[in-house]
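Work out the full structure: start from the sequences and follow the hints.
Read off the chains here:
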Amino acid sequence: MKNRLIRMATLLLALVFAAGAAFAAEPIRIGALFSVTGPPSFLGEPERNTAQMVVDEINKAGGIKGRPIELIVYDTTGDPTKAVQLATKLIKDDKVVAIVGPSTTGETMAVKPVTEKEQIPLISCAAGSKITDPVNPWTFKTAQNDTLAVARIFESLQKRKLDKVAILTASDGFGASGREQLKNQAAKYGITLTVDDTFGPKDTDMTAQLTKIRGSEAQAIICWGTNPGPAVVAKNVRQLGIKLPLFMSHGVSSKKFIELAGEAAEGIILPSGHVIVADLLPATNPQKKALMTYVQEYKKRFGVEGDHFGGHAWDAVMLLKTALEQGADTPAAIRDQLEKISGFAGIGGVFSFSATDHAGLTKDAFVLVEIKNKDWVLVE
Amino acid sequence: MDFSHQLSQYLLSGLATGAIYALIGLGFAIIYNSTGIINFAQGEFVMLGGMFGVYFYEILKFPLAAALLLAVLCAAASGVIFERLAIRPLRRATPLGLVIITIGGSILVRGIAMLVWGKDTHALPTFSGDTPIALAGATLLPQHLWIFALTVLLIAVNKLFFQFTITGKALRACAVNRRAAGLVGIDVRRMTMFSFLLASGMGALAGIIVAPLTMTSYDVGIMLGLKGFCAAIIGGMSNGIGTVLGGLLLGVLESLGAGLISSGYKDAITFIILLLILFLRPQGLFSRGDSERV
Amino acid sequence: MRRELLKFALFALVVLTVPATIKGGYLLNVLVYVGINTMLAVALNLLLGFAGQISLGQAAFYGLGAYISGVLTASHGWNPWLSLAVAALAVGVLAFVIGFPILKLKGHYLAMATLGFGIIVYIVFNEFVDVTGGPSGLPGIPGMSFGSLRFDSDLKSYYLIWSAALLVMLLAVNLAHSRIGRALRAIHDSEVAAQVLGVNARLLKVQIFTCSAVISCVAGSLYAHTVTFVSPSTFGFHFSVELVTMVIIGGLGSIYGSFLGAALLTLLPEFLRAFQDYDIVVYGLLLIVMTMFMPGGLVQGAETLWRALRRLWPGRAGQDA
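Each protein sequence line maps, in turn, to chains A, B and C. Heads up, the first sequence is in this note's numbering, so the first residue is 1 and it goes up one at a time. Heads up, the second sequence is in this note's numbering, so the first residue is 1001 and it goes up one at a time. Heads up, the third sequence is in this note's numbering, so the first residue is 2001 and it goes up one at a time.
Everything labelled a hint here was simulated from the structure, so no lab data went into it. It should be emphasised that the depicted structure is a prediction, and the values quoted were computed from it without experimental measurement. Every residue, glycine too, gets a C-beta built ideally from N, C-alpha and C. One thing to keep in mind: the hints can contain errors.
Unchecked claim - The calculated DMTMM-like cross-link candidates involving lysine to aspartate or glutamate, where the alpha carbons are at most 20 Å apart (straight line), are:
| id | chain 1 | residue 1 | chain 2 | residue 2 |
| --- | --- | --- | --- | --- |
| 1 | A | 372 | B | 1130 |
| 2 | A | 255 | B | 1058 |
| 3 | C | 2023 | A | 93 |
| 4 | A | 243 | B | 1130 |
| 5 | A | 374 | B | 1130 |
| 6 | A | 243 | B | 1002 |
| 7 | A | 255 | B | 1002 |
| 8 | A | 255 | A | 370 |
| 9 | A | 289 | A | 305 |
| 10 | A | 92 | C | 2189 |
| 11 | A | 372 | A | 263 |
Said to hold, decoys possible - Short derived list, chain A residues pointing at chain B, Cβ under 10 Å:
| id | residue |
| --- | --- |
| 12 | 41 |
| 13 | 42 |
| 14 | 194 |
| 15 | 197 |
| 16 | 206 |
| 17 | 210 |
| 18 | 211 |
| 19 | 215 |
| 20 | 236 |
| 21 | 238 |
| 22 | 243 |
| 23 | 256 |
| 24 | 259 |
| 25 | 329 |
| 26 | 330 |
Claimed, not checked - Partial pick of chain C residues on the chain B-facing surface, computed with a CB cut under 8 Å:
| id | residue |
| --- | --- |
| 27 | 2001 |
| 28 | 2005 |
| 29 | 2006 |
| 30 | 2117 |
In structure tokens form, the structure reads like this:
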């Protein structure tokens, strides 16, 4: 008698679960590869936080046509080998329909062949222009091309009639990418590079390189890297009493840099995404609403302001959302819808994709800012 | 901006960096000489000094001097804990085992620091301002003077300690022959602990003295430890002047290499020098070469 | 010796039939990397476990294989097999030449020298941008092919890599039970005593160093053609430490132990994924604990366990034995 009761109960329970499963909407699985730990963690951590925040918001608002998004995030630690392995895992085991990330150009170049072969759309958060040039049908990116940042700086130099420039770049993926672009585009703007030096991302003293620069004919210095290197460079510049205009990259477009460099940060000019000057923008700016919402919500949830890098993930997930809302739910359909997106006001800029442009941004994605009184000021 | 000025800047900056390598190298030498152990985790104590300093100063808001003192004490305490947990229980101490344990220890310390304090970089304020000082055509910061002063002070204290105190002499006895030292009544195990205490304290001091210039984060220990070790090897693992000279030489060569040859390859230059020394004169440049290296 | 060959044949059989049981998917992909790491761990074990020479720069030879193959095939259109051979030859010569001065050193000094060598090679990979692509890496490396058979799927890569790994393991097993193996172990115990007995310790050490380097180089070439992308961060100091860990966990001097160590450390991140940021702490703890309590590695631990079980099992009557 007891046995029969147990069996009935189990059957009933199973039926209830089956019914529940039948009615519950099948989640949309999206994969994410971020370097949450490791040297590029300054990219991966805000990107992961942002992606999770956005997905939670979407799900709270009812998901996409009633279906929740399931975000599966893996930490690549900045290692391209791991990134490739984890991409395979996302595709074969977790059966995702699209992948957001990775955080660095190196990892993206490693993962690209895999996603292209398996025909899964990849929306990278890395800046290297060669990710989408030449264009591949399955690869997109949201971070602004470093070509655009370099163009902004060179334009500004041209305006100031400075044509002899020294460059000091970090010997990591970010710095190397910037260095490549600086060298490629210099001639176009009539600029000659008098010194082309590098520094290790964790180096603690750049006075040797700067002494060499001081002894050359350079009229301006461009430093390309991410914290803490450029902060050391700024301090060294001050120590050596070098009075040349100092330009930096969007890698330091964060309050952290100002905190680290202290007094030495005054007067430094750099290109940046609109996110750090969101409150200075006029209300008519198409990005203003998205920017303000992002900055404030990130601050509410994580205690610090949303930054430039987390913004890449915001753009990637929101672009996916736009594609999914058009009814696309297979990788191929998502890819097609992504390509059709035009005029999307995101954090990094206003995106317009096409069959020949999978980066979607123009020079206007960057503004030029100067550091004055420990805060950002728009330049020209 | 003539060449002699450039050169003196390379020299001066190199000496400043070299002083830091010297302090770290001394820590390696002290432990090695008393116990025969190469503590690959030495760099992490430097990191702990800086990070504890940041913790006490920025988060707990202690005054700078108190924060720095507490930082050194905490880092030294960590050194003792490390010795107790990782080194002392090791029964059969093969060189490989010790190398692996200290490497594992350094990874562990780094991991714990990352979990507790995060991955951010932090700055400490300089001890006496930021106005550059001109010297022989080059410029220095006041913090550099602190670094030099501390290095000189520590060398002097070291010399006095090892020469004139009982504990110092006991440590030297252990360095010469551990068995014999034990036989004359020296508590060799206590000396091991003491040498770790000294080395981690010195490393921590180096860490806090340099943090205002170089900023600190959970992973600064790796490269600093390696370079400190190079300094010790160049100096022949001596407890005093030899290692200091080794560190200074290393710093200067690195600076000259970066300025005159190539900034990208400067670390490679450092390690090539290390290899050359190991191949051609493994007892170091500044020692009297008595212990077995080869 | 026959027992050893039988053991090996069994192992090889298991390895070759595994793909049939797991039906592709992510696990197959991970097993390919286990294969590469096994090759590397066995190569290091020859040096570390048999000859007792500490090397913290093994990743350098691995990287040289990967980059030389990568550059020759991607940038100059060479045939992959030819590049593999050329890389192996070049690295062999380099290791032989560098081996003489480096292996004169002992203990910590040898560790430091190999570490320095590894870092120098890493810096070259990172800075020689025109050739290696610098920190952003070198993409577009073609896959291996054998006539019309192209190794472009996980399954085919699995068989390619594991064929090589099994070959390496067979070589190592043979070596271990030969005169050379005994000579190496003699050197490990006491170099002076071995020399007294007529072993040319210096030459033998350099020879095994070269052998280990060449195997690592071949593993690197195969890696490059499997992943089709190489970047310097894969070949840094931390990977050299990881390799040493694999060998130690598996058990110094045990070939199958190296496989165990490689498998465990390659699969470990999968299990640790739940711990996210804690994995670095677990890793450090693992190193310390293994060295302290199980210096013979897992293989020794397994043997101790086996012996303990055998004592408990054949009837309680045997308790007073």
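Sort out whether residue 1058 of chain B lies within 20 Å of residue 255 of chain A, counting only the CA atoms. Cα-Cα ~17 Å, so holds.
Is the interface hint for residue 206 of chain A satisfied, with its Cβ closer than 10 Å to some Cβ of chain B? holds, 8 Å
Against chain B, run the beta carbon of residue 243 of chain A and see if the smallest gap drops under 10 Å. Violated, about 12 Å.
Less than 10 Å between beta-carbons is the criterion; does residue 197 of chain A satisfy it with respect to chain B? holds, 5 Å
Classify the hint on residue 215 of chain A as holds or violated, based on whether any CB of chain B lies nearer than 10 Å to its CB. For residue 215 of chain A, the interface hint holds, since the closest Cβ of chain B sits about 5 Å away, which is under 10 Å.
Straight-line alpha-carbon gap residue 372 of chain A to residue 263 of chain A, limit 20 Å: holds, 10 Å
Let me know if the C-beta of residue 330 of chain A comes in closer than 10 Å to any C-beta of chain B, holds or violated. Since the shortest Cβ distance to chain B is 38 Å, the answer is violated.
Decide if the proposed pair is consistent with the structure: residue 372 of chain A and residue 1130 of chain B, CA atoms, cutoff 20 Å inclusive. Since the Cα atoms of residue 372 of chain A and residue 1130 of chain B sit roughly 19 Å apart, the hinted pair holds (cutoff 20 Å).
Was the hint right that residue 236 of chain A lines chain B, CB cutoff 10 Å? Hint holds; residue 236 of chain A Cβ to chain B Cβ min 9 Å, cut 10 Å.
Given the proposed pairing of residue 255 of chain A with residue 1002 of chain B, does the C-alpha separation stay at or below 20 Å? The given pair, whose Cα atoms are some 37 Å apart, is violated under the 20 Å limit.
Quick one, is the residue 41 of chain A hint okay against chain B at 10 Å, beta carbons? holds, 5 Å
Holds or violated: the hint that residue 329 of chain A contacts chain B, with Cβ atoms closer than 10 Å. At about 37 Å, which exceeds the 10 Å cut-off, the nearest Cβ of chain B leaves the hint on residue 329 of chain A violated.
Hint violations for this structure: numbers 7, 10, 14, 22, 25, 26, 27, 28 and 29, all remaining hints satisfied.
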